[in-house]
Amino acid sequence: MKKHILFYSFLIIGLIVYGQTTKDHDSTAIFILDKMADNIGNLEAVTFDLTNSSDEFDDNDNVVTQFSKSTITFSGPSNLLVRKNGTKGKVGYWYDGNYITYYNFDENNYVTLEAPETTLEMIDTMHENYDFVFPAADFFYPSFTDDMIEQFDSISYLGKKIIQGEECYHIMAQSKDLSVQIWISNQTFLLPKHFVLINKAKSNMQYESTFSNWSLNPSVPESAFSFMPPPTARMISILKK
Amino acid sequence: MSIYNLNIKHILGIVLVFFALILPSEISAQRMRHNASRGGGRTMSRPTSRPSNNRATMNRSSNRNRATTRPTTTNRAPNRSINGGHNKSTNRSYSKNKMPNRSTNRATNNKSTRDRSATGDRSSRDKSAPKLDTRNRKTSNVKDRSGNRGNGNRGNNVNSGNRRNINIDNSRTVNVNRRNTYVRPSPRRYSRPPYAYGGYRYYCHRPYFYHPFVPFYWGPYYHPWGYFVTSLATTAIIVSIVNDNADDDDEEYHYENGNYYLKTEDGFVAVQAPVGAEVPDIPDEAEKVEVNNTTNYYYGGAFYEQNKDGYIVVPATAGTIVPGLPEGGEEVKIGEVTYVQFGETYYQPIQVDGKNMYEIVEVKKE
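Keeping their order, the protein sequence lines are chains A and B.
Here the numbering used here is used: the first residue of the first sequence is 8, the next is one more, and so on.
Here the numbering used here is used: the first residue of the second sequence is 5, the next is one more, and so on.
If you are wondering where the hints come from, they were derived from the structure by calculation, not from laboratory data.
Every value quoted in this text rests on a predicted model; they were computed, and no experiment measured them.
You may find that some hints are simply not true.
Partner residues aside, some chain A positions facing chain B, computed with beta carbon under 7 angstroms [as the list claims (entries may be wrong)]:
id	residue
1	Glu-51
2	Asp-62
3	Asp-66
4	Tyr-106
5	Leu-120
6	Leu-127
7	Asp-138
8	Ser-150
9	Thr-152
10	Lys-168
11	Met-242
12	Ile-243
Each residue gets a CB set at the ideal place from its N, CA and C atoms; glycine is no exception.
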């Protein structure tokens with residue numbers, strides 16, 4: 008009898024191990040990511056600052072780093088305001104559920120387009136059609152954890168770390184082409200503090216962001232999300248991808 | 005008896021192995037097949053007591069078509085969540101099993117929920133919202149390379165002013181466009197890498213330097229495209245077009261002082277210079293521009309080459325630098341840069357010795 012139990016146990020263990028060799032997802036890491044996504048999903052409005060550095064190729068195919076600082080406000084399912092100021096200039100996005108406006112402060116011109124009726128649909132559509140980049144939008148997808156699970160072969164929890172004086176959970180995710188590290192703050196709420204994305208397939212180019220000044224459920228007037236063009240600003244056309 | 009017991013053990017064992025085989029693959033299949041696990045297949049793994057709790061179907065990676073149904077749900081108040089609430093699959097497998105009992109989490113985690121039909125109806129939302137009037141806002145023209153370039157481009161160019169009413173027959177649009185805005189490739193090699201956007205590469209010799217597009221004024225005789233006159237001076241001539249296509253022979257261009265006109269029912273309307281038009285002289289305001297180591301003359305957005313009989317309109321050459329652009333162009337945001345577009349020709353704003361100028365962009369498909 009013992010022999011049989013042992014035999015079948017090994018068989019089952021073997022099968023389980025075989026079934027999971029492809030993906031290696033740590034339950035603690037998933038739990039923390041889930042909790043963070045729960046908290047974000049329960050927000051009705053949020054404002055935060057984002058400091059960002061991102062690598063890109065210059066004219067001579069050398070890697071140069073661009074920096075920017077953004078202030079981002081989500082309010083309800085269909086309002087978004089982004090102001091981004093950095094080495095590549097100052098731009099803003101206004102989205103009020105009907106229209107999205109991209110305004111370039113340096114060139115003093117803007118593009119206004121009809122937009123889908125939720126913020127995330129709008130982000131997707133605008134990125135797909137016009138290459139609009141909304142910083143750190145990944146964290147605001149409702150299926151954030153599942154997307155991570157699907158996209159990365161391994162997700163692991165690396166312990167607690169101190170980032171800028173805040174205790175954070177350090178999570179790492181790896182796939183063939185991407186390496187992501189996320190630090191999720193343990194200060195009061197589980198919200199992202201810092202993340203680093205390394206594009207292994209593309210010269211190990213790095214994308215790094217730090218979140219700060221989280222303001223949860225602030226009351227933001229709806230009119231703040233409607234763009235009013237400055238008197239001299241010019242509306243221009245846009246080329247779809 | 006012992007043989008019978010052994011058989012039972014074997015059968016039990018095989019059944020156990022069968023379940024062990026089935027279970028992980030089932031989980032894995034749900035995880036991999038994103039669509040199924042988050043869409044209709046959800047009820048399979050859920051208690052029947054919550055049949056109406058269909059979660060939000062926002063699924064970034066695969067389910068891009070969001071126009072799909074999002075059924076009304078739950079007995080909670082309308083959700084104002086910034087993303088419709090966290091949306092996670094029910095079955096997950098882990099490398100370690102340290103998880104707390106997820107079923108308790110699930111019970112309280114009763115999300116999702118915005119009633120799409122309520123927020124989806126824009127008119128009803130507008131009625132109840134005493135906010136700034138953002139309806140019917142003027143939106144930007146959207147250019148689409150894959151679309152019918154004749155219709156789209158021509159329409160946009162023509163509609164930029166009230167008095168302009170060229171109304172060129174659409175059947176001839178493509179010819180007109182090509183005739184006026186065809187770009188010859190640059191003979192010089194590009195040392196700068198191109199700017200890539202939407203499957204096309206945009207080559208320029210000089211770096212992008214934005215300055216707002218202000219139509220250039222070529223003097224008192226210059227008439228912008230679309231300018232309407234009831235009659236032409238007697239000095240106007242009918243131009244001959246070299247290498248003209250047979251199907252264009254119904255167009256008769258009238259030329260006077262650097263302006264080209266097409267006859268309409270009521271009079272004449274100024275248009276772009278047709279490539280191949282030969283004229284005896286051009287206005288004094290024409291500027292010399294260096295193209296391909298030869299001197300061309302630039303006036304009113306057209307390039308001229310001098311020959312023994314006079315001047316002939318030639319297509320633009322990529323890489324040519326021009327000091328000003330006529331009316332009729334429009335600024336187009338292409339990814340991170342803003343070009344000025346005439347038909348299918350793009351001009352990149354540049355700066356030469358502190359002066360604002362434009363370089364003709366060479367566009368190549370990737």
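Hint check results:
1. Glu-51: With a closest approach of 4 angstroms, the A:Glu-51 hint holds.
2. Asp-62: violated, 16 angstroms
3. Asp-66: holds, 6 angstroms
4. Tyr-106: holds, 5 angstroms
5. Leu-120: holds, 6 angstroms
6. Leu-127: holds, 6 angstroms
7. Asp-138: holds, 5 angstroms
8. Ser-150: holds, 5 angstroms
9. Thr-152: Because about 6 angstroms separates A:Thr-152 from the closest Cβ in chain B, which is inside the 7 angstroms limit, the hint holds.
10. Lys-168: The hint is violated - A:Lys-168 has no Cβ within 7 angstroms of chain B, the shortest such distance being about 20 angstroms.
11. Met-242: Status holds, d = 6 angstroms.
12. Ile-243: Holds, because the Cβ-Cβ distance from A:Ile-243 to chain B comes to roughly 4 angstroms (cut-off 7 angstroms).
In summary, the structure is inconsistent with hints 2 and 10 from the numbered list given earlier, while agreeing with the others.
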